[in-house]
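If you're matching them up, the sequences are chains A and B in order. Note that the working numbering has the first sequence beginning at 11, numbered continuously upward. Note that the working numbering has the second sequence beginning at 10, numbered continuously upward.
Calculated directly from the structure, the hints in this document are not laboratory data. Don't take every hint at face value.
To be verified - A few chain A residues that face chain B, going by a derived Cβ cut-off under 8 Å, partial list only: (1) L44; (2) S47; (3) V52; (4) V146; (5) G246; (6) G248.
All C-beta atoms, glycine included, are put in the ideal place defined by N, C-alpha and C.
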Amino acid sequence: MIAAVHERVGAGENATRAREPGWWLVAGQECRDLWVSGRGPVLIFAFSVLLSVITYLTATNQVLNFLEQREAVNLTLQVAVAVGVLVTLVVSADAVSGERERGTLESLLLTPVSRRGIVLGKLAAALSLWFAAFVVAVPYVWVLGRGVSVVVPALALGLGVGTLLALALAALGLLLSTVSSSNKVSLAVSLFLLLALFAPTQLPTGAPQGWIGDVLVRVNPVAAALHYVSAVLVNGRGWTRDLSYLISPVVLVLLAGGVLVAAAPRIVRLHGGVSGS
Amino acid sequence: MRARWALVAGVLAALAIPAAAAATPDVTFDQDKVAVVLGDKFTLQTRVTNSGRAPTDLLLAHLNVASLTSDVYVDPEDWSSRRTQELGPLAPGESTTLTWDIQAVNAGRFDIYVVVLPNGAASAGHGPLTVSPPAYVRVAGRRTLDAGGALPVVVVVPVLLGLAAGVSRFRLRRGA
């Protein structure tokens with residue numbers, strides 16, 4: 011990627027390209043690295059296999075077959091959002107610490123692109139994985155939800171809530187990647203964080219929760235976002251009635267994204283870790 | 010002789026009083042037959058009445074589901090997430106109604122019944138148990154989702170994406 015950015019930014023490929031913002035160039039090159047020579051296609055293929063298994067079981071399994079169509083669509087959509095966000099987080103958690111370990115960060119930092127431009131470009135490239143995952147999920151949602159007017163609302167919900175969640179967790183993963191001392195640490199912390207955030211969503215819904223349970227759901231961005239999806243899709247609530255559940259994902263986007271952009275000039279450097287030189 | 014009969018009657022009466030104190034409540038369902046479709050949620054109510062002459066102890070009501078066909082396995086926890094309810098002591102003649110939210114998660118024929126157990130400090134673990142008459146539940150199967158329609162999608166999408174990923178890798182290796 012580095013050489014390409016150098017070529018296109020440093021050498022001034024042409025007048026039009028030179029006017030392109032730095033983050034756009036980084037995003038374009040990162041996307042090429044991810045989708046042409048990287049692991050993007052393999053990750054999306056694995057994602058589609060998982061969705062196929064879930065969809066087939068939902069549609070054929072005798073035990074699951076009593077599910078209402080809305081619940082079946084909700085189940086598949088939640089898996090799509092969860093796994094789509096997971097792969098986005100994994101890619102973003104590797105973005106800076108991975109370049110640092112591969113020894114390519116130095117060259118990237120020498121390009122005329124600002125450090126904010128670098129992190130924004132990497133963020134945009136990581137989000138491309140989420141959008142690809144969403145596109146792959148469309149036929150599965152359609153095949154389960156056709157016949158009842160649930161496909162369009164489900165896709166709109168998945169796109170809106172999933173993008174918000176992907177943005178929040180990608181920013182968090184990128185932030186962890188910039189401050190981590192090694193790529194291993196960045197990936198491990200990101201995955202642990204994701205599992206910790208997803209674990210409460212697997213609690214039985216019939217369990218009594220009380221106000222503490224409600225608060226815990228609301229402060230957990232992943233649980234809150236998936237709760238909102240279920241409330242609209244399965245319980246038929248209005249789009250605005252449970253909108254307050256989206257506060258924590260929005261706060262995470264603002265916090266992680268804000269810190270990332272504001273501190274990028276200081277934290278995107280050759281040595282990771284808070285006390286690194 | 011009369012005095013002796015009076016003594017016997019007194020003893021019998023004294024024996025009869027604890028029997029009255031141990032009187033167990035009556036338990037009945039509001040419906041004795043229910044017909045639903047697989048996945049349907051329905052509600053049953055049981056009325057617990059103390060028809061004795063003494064108050065009952067603390068009570069515990071427990072809902073159970075039994076399959077009437079041997080080929081259907083029933084896990085009652087799947088049918089209702091709240092199968093146990095506590096009851097306070099019931100005064101003579103007093104009754105209370107319990108509500109059970111149930112979801113039919115298996116197709117077939119079932120009996121649902123409620124057992125009421127004494128749950129006081131002294132009576133817990135000693136019984137007697139009171140069992141309601143069963144509510145007969147017939148659950149019809151249904152297929153809400155079209156498995157046949159799903160099959161082309163669940164096969165074609167991964168195959169296309171796998172081919173695309175494979176071709177991409179192949180071209181990359183050839184290029185290198």
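Does A/S47 meet its interface restraint, that is, does its C-beta lie within less than 8 Å of any C-beta in chain B? Given a least distance of 6 Å, the restraint on A/S47 holds.
Cut-off 8 Å, beta-carbon criterion: hint that A/G248 touches chain B: With a minimum Cβ separation of about 22 Å from chain B (threshold 8 Å), the hint on A/G248 is violated.
Supplied contact hint for A/G246, tested at 8 Å Cβ to chain B: At about 15 Å, which exceeds the 8 Å cut-off, the nearest Cβ of chain B leaves the hint on A/G246 violated.
Hint check, A/V146 versus chain B [nearest Cβ-Cβ separation less than 8 Å]: Cβ of A/V146 sits 7 Å from chain B, so the hint holds.
Under 8 Å, Cβ to Cβ, is where A/L44 needs to be relative to chain B, so tell me if that hint holds or is violated. Hint on A/L44: violated, closest Cβ of chain B at ~11 Å, above 8 Å.
Regarding the hint that A/V52 lies at the interface with chain B, is the smallest CB-CB distance below 8 Å? 5 Å, holds
The structure is inconsistent with the numbered hints 1, 5 and 6, although it conforms to all the rest.
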